[in-house]
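I would like the entire structure built from these sequences, with the hints used as guidance.
Spelled out from the first residue to the last, the chains are:
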Amino acid sequence: MTEKRPLKRGKKPLTPVRREQSRREFLRSTALVVGVATASIMGVVPLVRGTSLRLRPPGALKTPEDEQAFFASCIKCGQCVQVCPVQAIKLADLDDGFGVGVPYIEPREQACDFSCDGLQCVLACPTGALTHDLDYPADTRMGFARLARPEACLAVQGKGFKGVARGPDYKGLLRYEEIDRWNPLPVAAHPYDLELCDLCVRQCPIEIRIKQCKEEKRRNKRRSSARVAQRVGNECPPKHAINMNLVQLANGETRMEPSVKRGCVGCGVCEMICPVEGPAIVVDIDKTTDSLKHRGKCWSSGPPDRNKECSSNKVRRGG
Amino acid sequence: MNYLVESLRQIMGAKPSRPTKAEQSAEVRTIYAGKRGHLTKADVEKVRHEHIKACCNQWQRRRWLVLILVNLLFVVSYFFDVQLLEGALTASRFVGFHMADLNASLQVMLAYKHLVLNLIIGTVTVFILWLLLGGRTFCSWVCPYHLLSEWADYLHVWLVKKRLIKNHTFNRKVRGIFYVIFALLALLSGYTVFETISPTGILSRALIYGPGVALIWVGLLLLFEVFYSRRAWCRYVCPIGVTYGLVGLASPIRVKYNAVDCHHEGDCRKVCLVPHVLDLTIRGAAYDVNQDVGADCTRCGMCVDVCPTNSLTYEIKGLSKMLSGAAETR
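From first to last, the protein sequence lines stand for chains A and B. Adding 165 to a residue's 1-based position in the first sequence gives its number in the working numbering. Adding 54 to a residue's 1-based position in the second sequence gives its number in the working numbering.
These are calculated hints, taken from the structure and not from any lab test. All C-beta atoms in this analysis are idealised placements derived from N, C-alpha and C, irrespective of residue type, glycine included. There is no bait here: all hints are sound.
Calculated pairs, SDA-like style, for lysine to any residue (alpha carbon to alpha carbon, straight line, at most 25 Å): (1) B:324 / A:194; (2) B:215 / A:185; (3) B:167 / A:211; (4) B:324 / A:190; (5) B:220 / A:185; (6) A:255 / B:130; (7) B:227 / A:192; (8) A:336 / A:348; (9) B:220 / A:189; (10) B:69 / B:365; (11) B:227 / A:181; (12) B:227 / A:190.
Derived DEER-like restraints, expressed as beta-carbon distance ranges: (13) A:183 / B:108: 39 to 45 Å; (14) A:179 / B:314: 33 to 39 Å; (15) B:151 / A:333: 41 to 47 Å; (16) B:136 / A:300: 26 to 32 Å; (17) B:96 / A:185: 37 to 43 Å; (18) A:252 / B:277: 31 to 37 Å; (19) A:333 / B:122: 38 to 44 Å; (20) A:195 / B:84: 42 to 48 Å.
Right, here's the structure in full:
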């Protein structure tokens, strides 16, 4: 050892202890990267298992098969939650994986009844995850209602309904416009007395809108040109979403049965208000009126059939 | 060494550079030389003791107050429906103006691959805000996880002092690696993967919208920090810190180090969340008499509070010059 090579500052040869320390630190660091990255990727599990699929607020960028665009665009801030007048919107928890902090609606607890009229959640969304392409409730495509248990339906059984729809302890709110235009009221404070139960039709926001349109039309007959601008895109009346249909049962009796129409936006009010426990009518979140393609003649010839091609397949939106 | 380059190197996890004798200014070399054998241990202890007596951790108090108030403003806005600050830390409206967390918005842009005007407005607003306020100031003055982590830190330090546990460090370069990993994951998978495990977002939402299962993750992180590695999330993982660190590169609000009175005792490095930024306080490590602490600094003010010789102070770059300039022209 006659020659001493000049060493660069900080590049002194490590002592065995120091070398062992730095080797351990390297291993720890690698473990940290792998561990945290794995933890974050675990968020995909609920998506793969399909447990993160939920009813989303109006305008959610959601195709039935793929929620990816919605999850990607949502910044998880909950501004939609804050503006909802009936507090229908909740934020998903960590058990939804990548969907943590993403808004959803549990319709049986509190459906979206469009109390806000102007789709406040859509207006509040800073990222367009609730797309600004829609302006009116009837444009919404959240899901599609289905009479899942006709045998449980009071109307099908020919029964009426008396009392509060969901029991006295139910917390849900609905707008009863004839009572208060601006403040949604608790369902528990609004008893019904119906000869034949038609709550799902009666409370359907789209059907209520249709009634209002007709009323307005009758009143404004003389001034029919009024508020044309407001009508653009806001079809008045919108298409029917649900009505009572006469059906023949297997034993030959005829009964009334709620029948979902193409105007259904999947808001979930029918599922919410259905007084039967384990509701007779539910909203399918993987279907919308657009995905069902039941238009024109196809629709009138019976319940929607996905496999049946429809002759008049006009694009409704944006047209 | 250039402030920008040095800060960037530190953010990416490189060791702070040390000047050779030749690179140091003559002035600072004289100061270092003059300190040799000048102060006794007793002198140093006396100054330190007097400082502890007089001091009151005023910056920490102010910071905690701001942090709690900002987060409370979110909570109160929703709870009482006063619409001052709607939303959560990831995105919000301040009296109607859009704001978006830079890292959350980056994740969304990478995953969604569309640009939405509202989001851009919010992002630019917040970018300018933190550009003016110091970048990583967000971490220590706003992030709710930082506060919990600070409390966990006290526990950790106490346990270490009692020799019950040992601190384990990681290579700081992993934070840069995480930054790239999370960006790539968002870009390739199309999901905002980091948001799933971000304690900042989870905590902010839990405060505003009520607690949930996600808090268990935050709890685990805190336990990890208490028992295994000090301030691990902020130091080695969080990409939010990197994003704001990059913003802070050009920020005028900095902590300034002055070598004249410094005793080089390292009290500041002991309380610092990101102690590598204070390596310049080691004897012989500063390039010049006055040197700014790098942009990876969270501007938390702990070092300003603890320094017994006032060698570390907040500064607003350019302001003193502007003021003296104004005085001269008068």
